[in-house]
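So you can see what is in the structure, the chains are spelled out below.
There are 2 protein chains.
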Amino acid sequence: MAEKERFLSKQDVYQGKIFSVEKRQVELADGSQAQRDIVHHALAVGILPLVDADHAILVRQWRAAADDFVLEIPAGKVDSRDHGNEEEAARQAAIRELNEEIRFHPGSLTKFATVYEAIGFTDARIALYLATDMTALANAEQLPQDHGESLDLLTVSYDEMTALYQRGELNDQKTLTAYFYWTNWRLTNGKQSFFHPVTAKS
Amino acid sequence: MAEKERFLSKQDVYQGKIFSVEKRQVELADGSQAQRDIVHHALAVGILPLVDADHAILVRQWRAAADDFVLEIPAGKVDSRDHGNEEEAARQAAIRELNEEIRFHPGSLTKFATVYEAIGFTDARIALYLATDMTALANAEQLPQDHGESLDLLTVSYDEMTALYQRGELNDQKTLTAYFYWTNWRLTNGKQSFFHPVTAKS
Numbered sequence: 001m002a003e004k005e006r007f008l009s010k011q012d013v014y015q016g017k018i019f020s021v022e023k024r025q026v027e028l029a030d031g032s033q034a035q036r037d038i039v040h041h042a043l044a045v046g047i048l049p050l051v052d053a054d055h056a057i058l059v060r061q062w063r064a065a066a067d068d069f070v071l072e073i074p075a076g077k078v079d080s081r082d083h084g085n086e087e088e089a090a091r092q093a094a095i096r097e098l099n100e101e102i103r104f105h106p107g108s109l110t111k112f113a114t115v116y117e118a119i120g121f122t123d124a125r126i127a128l129y130l131a132t133d134m135t136a137l138a139n140a141e142q143l144p145q146d147h148g149e150s151l152d153l154l155t156v157s158y159d160e161m162t163a164l165y166q167r168g169e170l171n172d173q174k175t176l177t178a179y180f181y182w183t184n185w186r187l188t189n190g191k192q193s194f195f196h197p198v199t200a201k202s
Numbered sequence: 001m002a003e004k005e006r007f008l009s010k011q012d013v014y015q016g017k018i019f020s021v022e023k024r025q026v027e028l029a030d031g032s033q034a035q036r037d038i039v040h041h042a043l044a045v046g047i048l049p050l051v052d053a054d055h056a057i058l059v060r061q062w063r064a065a066a067d068d069f070v071l072e073i074p075a076g077k078v079d080s081r082d083h084g085n086e087e088e089a090a091r092q093a094a095i096r097e098l099n100e101e102i103r104f105h106p107g108s109l110t111k112f113a114t115v116y117e118a119i120g121f122t123d124a125r126i127a128l129y130l131a132t133d134m135t136a137l138a139n140a141e142q143l144p145q146d147h148g149e150s151l152d153l154l155t156v157s158y159d160e161m162t163a164l165y166q167r168g169e170l171n172d173q174k175t176l177t178a179y180f181y182w183t184n185w186r187l188t189n190g191k192q193s194f195f196h197p198v199t200a201k202s
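Protein chains in written order, with UniProt numbering: chain L, 1 to 202; chain G, 1 to 202.
Derived from the structure by calculation, the hints contain no laboratory data. Treat the numbers as computed from the prediction; the structure is a model and nothing was measured. Any given hint might turn out to be false.
[As the list claims (entries may be wrong)] Below, simulated DSSO-like cross-link-like pairs (lysine-lysine); rule was C-alpha separation at most 30 Å, straight line: (1) Lys23(G) / Lys77(G); (2) Lys17(L) / Lys23(G); (3) Lys23(L) / Lys4(G).
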C-alpha cells in the first residue's frame, strides 16, 4: 500500500522571477527521513489553435533551457491580468495568449486536460485547450506582447505536424500531447467535426 | 523573425539532490538584458507497460509536489547504473524501472517520443516508451527498489483509463501523453496489433 509522507519542515532556498524552490524534509512510513526539493510555479496554459480542419498555428522561439529554438503550441502563464477562480482565470489566460502571440480570438475554446508537467520535482501544471472558429483581431484589439518575446508564427498542416513528429522534431511535451489529441479527434470524429456551422465571436 | 538570445553570464543559485538551479543573464536582440532561471534535471524515462491488448500497469504513489497520491505510468531518471550513449542509457533505464517498479521485463520496447517536460523553465526531458510482450520476473531477477519509494501497482483496462481521463483524474502529463498514444494506436491499427505472435524475452 502506497504511503503518505509526513511533512516535517521546509526552507525556501530560492526565489526567482518565475519560480521559487522549496527544500522540504519529510518522514516516510518506516520512520526514516527524506529530502524533497520542489519547484513552485504558476499554472500555465497551452492552446492548439486550428485555423481550419487541417491547419494549426504554432510558434517558434528561442528557449534558454534548450539553448535552441523550439516549436510549440501558443502558451503562457496565468497571471494577475486573469481573474476569477482557477478555471476562469486559465480560460482568460488562454484567450489572452492567443491574442498576444498569434492575434486571433477563439469562437470556441475547449479544455481537454489539466496536468502536472513534471511531477517528480515541480507543482507546475498546464491546462490544455483546443481553439477553433477563430477570428483575426484588428490592430486596435491586439494586446502588447511580453517584453523579450520574439516569436515566429508558422501555419502547419496536420500532415506536416505528423512528419515533424515522425522525424523527432516535436520535442515539446505540451505540443506532442496536443498533436496526439488532434490525431485522436480526427480518427474518432473525422476532421470536419471540429468546426461549427456559424463562426461567431464569443 | 524569432531571435536567439546571447549568453552573458550565469550563477549557480541552488544545488539540490535531483536538480540544480541556474540564474542566467542574456542579451536580447534589441540590446536589452533579461534574466532566465533554469532548472537543470537529468533525462527521465516513462513507460506504458501493456500486459495484454487491453490492460496497462500503472503506479500510484505519494508525490510531495502535488501533496497527494498521483496515478502514473512507471517512470524514473537515467542514472549512473545506465550506460552507453543517451539512447542506450535511456533504454536501460526504462528496462530497469520496469523491473524495480512493476517486476516485468519487456520483450518489446518502442520509444515513441523524447520531449521537454516544461520548456519555460527547465531542461528536463523525458523519453517515452511502449512496453509489450512482457514476462514476469522471478524473485532472483528483481532489483532492489529505491529507498523511500512506496508504490501501489494497478492493472487498469483501456476503458478504465478512458473513464479516468474523462473524469479529469489523469492529471500527470507523461501518463496523459501515453494514454493518447495508446488511443491513437488502437484507432489506427486495432487493439491486437501491439502484440507479437511469440513472447520471447529479449
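Outcome of the hint check:
no.: 1; hint: Lys23(G) / Lys77(G); result: 24 Å, holds
no.: 2; hint: Lys17(L) / Lys23(G); result: 10 Å, holds
no.: 3; hint: Lys23(L) / Lys4(G); result: 33 Å, violated
When each numbered hint is compared with the structure, a violation occurs for hint 3 only.
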